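**Q** Protein chains in written order, with numbering that gives the first Met the number 0: chain A, 0 to 56; chain B, 0 to 282.
To be clear, the hints were calculated from the coordinates, so they are not data collected in a lab.
These figures come from a predicted structure and were not determined experimentally.
With a cut-off of at most 27 angstroms between alpha-carbon atoms, the simulated BS3-like pairs for lysine-lysine come out as follows:
| id | chain 1 | residue 1 | chain 2 | residue 2 |
| --- | --- | --- | --- | --- |
| 1 | A | K26 | B | K258 |
| 2 | A | K45 | B | K33 |
| 3 | A | K38 | B | K1 |
| 4 | B | K14 | A | K45 |
| 5 | A | K38 | B | K14 |
FRET-style restraints, in silico, Cβ to Cβ:
| id | chain 1 | residue 1 | chain 2 | residue 2 | range |
| --- | --- | --- | --- | --- | --- |
| 6 | A | G29 | B | A212 | 31 to 37 angstroms |
| 7 | A | I22 | B | G207 | 16 to 22 angstroms |
| 8 | B | G72 | A | T15 | 34 to 40 angstroms |
| 9 | B | K97 | A | D48 | 32 to 38 angstroms |
| 10 | B | E120 | A | K45 | 48 to 54 angstroms |
| 11 | B | E156 | A | K45 | 29 to 35 angstroms |
| 12 | B | P124 | A | E36 | 47 to 53 angstroms |
| 13 | B | P160 | A | I22 | 30 to 36 angstroms |
| 14 | A | R3 | B | D143 | 49 to 55 angstroms |
If the Cβ cut is set under 8 angstroms, some of the chain A residues that face chain B in the computed set are:
| id | residue |
| --- | --- |
| 15 | I18 |
| 16 | G20 |
| 17 | E21 |
| 18 | I22 |
| 19 | D48 |
| 20 | E51 |
| 21 | E52 |
| 22 | D53 |
| 23 | W54 |
| 24 | G55 |
| 25 | E56 |
Heads up, the beta-carbon is just placed ideally off N, CA and C, and yes, glycines get one too.
One-letter residues, chain by chain:
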Amino acid sequence: METRCSECDAVIVVPTDAIVGEIVSCKDCGAEYEVAEIKGGEAVIKPADQVEEDWGE
Amino acid sequence: MKASITFDRLRWEEKALKDEADSMGIEASLVDAKALIFDISKGNGHGLGDVVVQRCISHYRSLFLTRMLEGAGAQVVNRYEVADLCGNKLATTMALAKAGVPTPRTFVALSSEMVEKAAEELGFPVVLKPFVGSWGRMVSVIRDKPTLQSIVELREELPNPVEHMYYVQEYIQRPPRDIRAVVAGTELVACVYRYAPEGDWRTNVARGGISKAFTPTPELKEMILKAAMVVGGGVLGVDAMEGPKGHVVHEVNNTVEFKGAQSAVEWSIPKKIMEYIASTVKR
Chain A
0 METRCSECDA VIVVPTDAIV GEIVSCKDCG AEYEVAEIKG GEAVIKPADQ
50 VEEDWGE
Chain B
0 MKASITFDRL RWEEKALKDE ADSMGIEASL VDAKALIFDI SKGNGHGLGD
50 VVVQRCISHY RSLFLTRMLE GAGAQVVNRY EVADLCGNKL ATTMALAKAG
100 VPTPRTFVAL SSEMVEKAAE ELGFPVVLKP FVGSWGRMVS VIRDKPTLQS
150 IVELREELPN PVEHMYYVQE YIQRPPRDIR AVVAGTELVA CVYRYAPEGD
200 WRTNVARGGI SKAFTPTPEL KEMILKAAMV VGGGVLGVDA MEGPKGHVVH
250 EVNNTVEFKG AQSAVEWSIP KKIMEYIAST VKR
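Chain A on its own, in the form it takes in the complex:
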C-alpha cells in the first residue's frame, strides 16, 4: 500500500500486513505516521504522536 508524506510528499510504502496503530516513517524526511485506517486495500495515515516526557518502559 502506498501513500504520501504530508511533510515532503515522498511516497510512503505501508506494508501489506500493517495493522491500525502501526507506525510507518517517511524514508526521505523521517516524519512518522500512524496507520489510522485500512479500507479497500488503502492505508490512511495520520501524524504519529511525538515523544512525551512520560514515554518509556
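Place chain B on chain A using the hints.
**A** For chain B alone, coordinates are given in the frame of chain A:
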C-alpha cells in the same frame, strides 16, 4: 480466554505478544487506548475480555487506563499499584531499599537549594534523574559542582514543578554495561547484559545499547526476583548494575521492552509472558 493488549504506540513487543496469544489459542485483540472513552461515574463493564495486557508507552495514560479498567472490574497486567510504584523512581527506590534489595544510595532534594547538599553527601560524580521517565532520557552524570549548578539552573526554568525537585543518585562505577532481566511472575524469563553504544554511557536499548545473554548467579537471580516481588510482581523489567560492592538494582520497568533481550536469547520471551498472563486469569 479473551485478552486485550492495550497500546498507544504499537511496537514490536505488542505485535509479538498478540502473535503468541494467537498461537496459544487466546482470543487476543490489540486495542488502541487513544480510541477509548470511559464513563467513570457508571459501574462495572469494560468489554476488554478476561485480562488486559497494559502496554501503553505513556506512563500517565497507562496509569489512568489501568485505574479505570480495574475500577470496572478488569484484571490488568500489571496492576495499578505496580505501575504507580515502578513509574515513580522515588517510590521504586524506597520500596527496594526498605525490602533490603541493594540499590544505589539516593537523595531527593525538594528544592534547588538542597541539591548541592545532596551531591556533597554522595560525593561527585552523581547521577541526576527525572522522577518519571525512561530510556535514559534526561539522565545525567554530573562530575562537578559547576555542572550541577548549570543543570539545576536549566531545570528551574522548566514550567513543570516536578522538575524543581531532584532525584540525586550515587554514581556506580560499573563496567560499560548493565543488566536487564525480564521477569514474569516468579520466572526469570531472560537475563542479558546491555552494552552502551559508542559515545554514550547509557546502556538503554532505545539509545542503541546491544544485548548479550548470560546466566546469572543464583544470588543475582534471587535479587532480581525479589526486586520484582517487592514492587508487586507481574511482567517486569528489572535493571541492575555490577558495582564495586556487588550488584545493585536501580530500576524496575512496568511496561518492559524486550526486543533487545529477545535478540540475545533463542526462546520466545513474549510466549513466556503470555503463558504467565494466561496462568493468572481467574476462571
